[in-house]
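Starting from the known structure of chain C, arrange chain S on it as the hints suggest.
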Amino acid sequence: MKSTVMENNNVEIKEKKPLGPRFKRFFKDFKNQWELQSMIIPGLIFMIIFSYIPMYGLLIAFKQYTALDTFSTAPWVGLKNFQIIMTDKFFWEAMVNTVAISLMKLAIGFIAPIILAIMIYELHDGPIKRFMQTISYLPHFLSWIVLGGMLITWFSTTGLLNQTLMAVGLMDNPQNYLLDAGKYWWIATLSDIWKEVGWGTILYLAVMSKIDPTYYEAAKTHGCRIREIPLRHTDSIHVRTKYFCFFLILRVHEDERMSIVSLILLVSAHKVTKRLNEGQSVL
Amino acid sequence: MSGKVVKGDLDSRIFNFINMSLLLIFTFIIIIPIWNVLVSSFSSGRSLAEGGFVFWPQEFSMENYRAVFRDETIWQAFFISVAKTVIGASTHVLFCAMVAYAYSKQNLRGRKLYSALGIITLFFSGGMIPTYLLIKSLGLLNSFWVYIIPALFSFFDVIILMNFFRNVPKSLEDSAKIDGAGDWRIFWSIYLPLSKPALATIALFNGVGQWNDFITTKLYITDQALYPLQMKIYEIIVQSQTNTMQNIGGSVVIETTARGVQLATIVITTLPIILIYPLLQRHFISGMMLGAVKE
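Chain order of the listed sequences is C and S. For the first sequence, position 114 matches number 532 in this note's numbering, and the numbering has no gaps at all. For the second sequence, position 154 matches number 139 in this note's numbering, and the numbering has no gaps at all.
If you are wondering where the hints come from, they were derived from the structure by calculation, not from laboratory data. Glycine included, each C-beta is placed from N, C-alpha and C at the ideal position. Treat the hints with care, as some may be off.
[Stated by the list, open to error] Within a straight-line C-alpha distance of at most 20 Å, the following computed EDC-like cross-link-like pairs (lysine to aspartate or glutamate) qualify:
| id | chain 1 | residue 1 | chain 2 | residue 2 |
| --- | --- | --- | --- | --- |
| 1 | S | 90 | C | 453 |
| 2 | C | 601 | C | 590 |
| 3 | S | 97 | C | 453 |
[Claimed, not checked] Stretch by stretch, here's where chain S covers chain C in the computed footprint (C-beta under 8 Å, at least three residues):
| id | segment |
| --- | --- |
| 4 | 440 to 451 |
| 5 | 467 to 481 |
| 6 | 534 to 542 |
| 7 | 550 to 560 |
| 8 | 565 to 574 |
Just chain C, with the same shape it has in the complex (with noise of 0.2 Å):
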C-alpha cells in the first residue's frame, strides 16, 4: 500500500513539473513523426536560408559597407548612410512617385475589376461571355518586359495611339507620350490596370456564382430590381432608384455605402460568404 502511494505522490509531483516530461513527450513525439517532420525541415532550412538571412542582411543599412568587405567585417557606422539618402534631392523625388503610383494603381485598380465583374457576370452564359473572359485573362499572361516593348511601340510617333488621335481628328501632330515626364504616372497606373484587370475577376466572379438563386427570388418579391442585386443581397432590400450596377458603385459616396462595403466583404473573407448563405447580413 505504501509503495503505491508513494509511486501516486511521485506521479503528482512529476505533473506539477510539466517542464521536464512535455520535452521528453515532444522529443517521443518528434520522434514517432520523424516522417513527417523530415518532410516539413527542408521547407524551414530553406526559410532560414533565403528568408531570415537576407533579413539579418538589410543590417548593412548601418554599415559602411563596401566592395572588398564581407558582411562581418564592415564597420558600423549607425545613421550615416540614412543622412546621406535623405539629403538626396533624387531620394525624394522617386519616393513621391513610387508613392503617388502606389495608390492610383491601388485606387483605380481595385474598383475596375469589381465593375468589370459584375458587368461579365450580368452577361448570359454562352459563348460570348466565355470568349470576353478569356480575352480578358489574355494581358495578365505577358511579361512586363513584353509589356514595355509594347509600350513604346504604341506610344512612339508612329504608333497605334497617335495614328487613332489623328484619324479620329483629336490631333494634328503626333507626340511622344513617354518623353513627356508628367504622363508617365498615369501610363504607369494605366498599364498595370490594362493588364491586371482582367484576371482580378476571377475571385469576384467565383464568389458571385456563390451567391445563392433564392435571393433573386426574395429580392424581386421585394420589388428589387435584378441588377442591383448581386451588390445587396442582404436583408436591407429598399430600392428606391433605377440605378444600373456600374452607376451604382460610381455613386458610393452618396447612400449606398452598405454595398460596397459588403461586396469587399464578400470577396476578401469566405467566413462572410458562408454567413450571407445562412441568411445574416453583412454589417
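Same frame as chain C, but now just chain S:
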C-alpha cells in the same frame, strides 16, 4: 442562374445593351493593341516608319522574323527558357507539396513555430541587396541553378496546397496506415495523385512566372549563354532605344528595322503562353478557387 434575367423587361434590355456595348469596347481595348503588335511584326521596315495602318500590314514581309532567327543565340535562349520553366515549375510544386502535406497535419509537433516562421516570410523580405550577397556567397552567380533553387519554395503555395490536402478524405489515409504505409508512402501514392488539379494550378502559375521572369537574369547572370528569351528581348529593346537616340536626324531605316526585330521577338516569346493558356484556362480557374474560396 434561374431568375437572373427577366425577358421582355424594358429596363433589362436597355441594361443588357449598354452593358454589352461597354464590354465590347473593353474587349477592343484589349485586343487591338495586341493585334497591332502582331500585325506590325509582319510589316516591312519602311511601312513601319510610315505608319498608317492598324488592322492589316501594308507590306507583308517576314523580314523581321528572318532577322530574329538569323541570330543563333535565340535558340539557346529558347532552350534555357524552356528548361528553367519545366524544371523550375516541377521542382517547386513537388517541394511545396511535400511541406504542405506535413503542414496539413494538425498533430504535427512544432506546427505553431512553423506557421509563425512561414507567415513572417509572406510579409517581410530581405530585399534585393542582402539577397544578392547571399546568392553570391552561395556561389550561384552565373549558374543555371539560380533560376531553380531560390524559387523552390513559397509559403503562400504551401497554404493553398494545404487547404486542398485537408479536403482529401481521411479514411483513405487511415486504411493505408492500417496496411502499414508510412507518411512518405501516403503522400506519394495517395495525396499526390488525388491533388492533380491543385498541383497543376500551382505548377502553371509558377511556370508562367518562370517563363516571364527576367529580373533574376538581370541581377545574377552575366554569362550570355544562360540568357533566357525575356532577357534577349530586354537587350533588343534597350539596343533599339539607344540606336534611336544615336540616329536622331540620321537614317530612319535602321531604327525601324530594329523595331521590327523587337516586335518579332515579342511575338515569338509570347506565343507559347498564348497558345497554351486557353487550353488550360478552365483548369487553372477551378484550381485557383479550390484554394481561395472555401465553403
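How the hints compare with the structure:
1. S/90 with C/453: holds (12 Å)
2. C/601 with C/590: holds (19 Å)
3. S/97 with C/453: holds (18 Å)
4. 440 to 451: holds (count 4)
5. 467 to 481: holds (count 11)
6. 534 to 542: holds (count 6)
7. 550 to 560: Per the Cβ count (9), the hint holds.
8. 565 to 574: holds (count 7)
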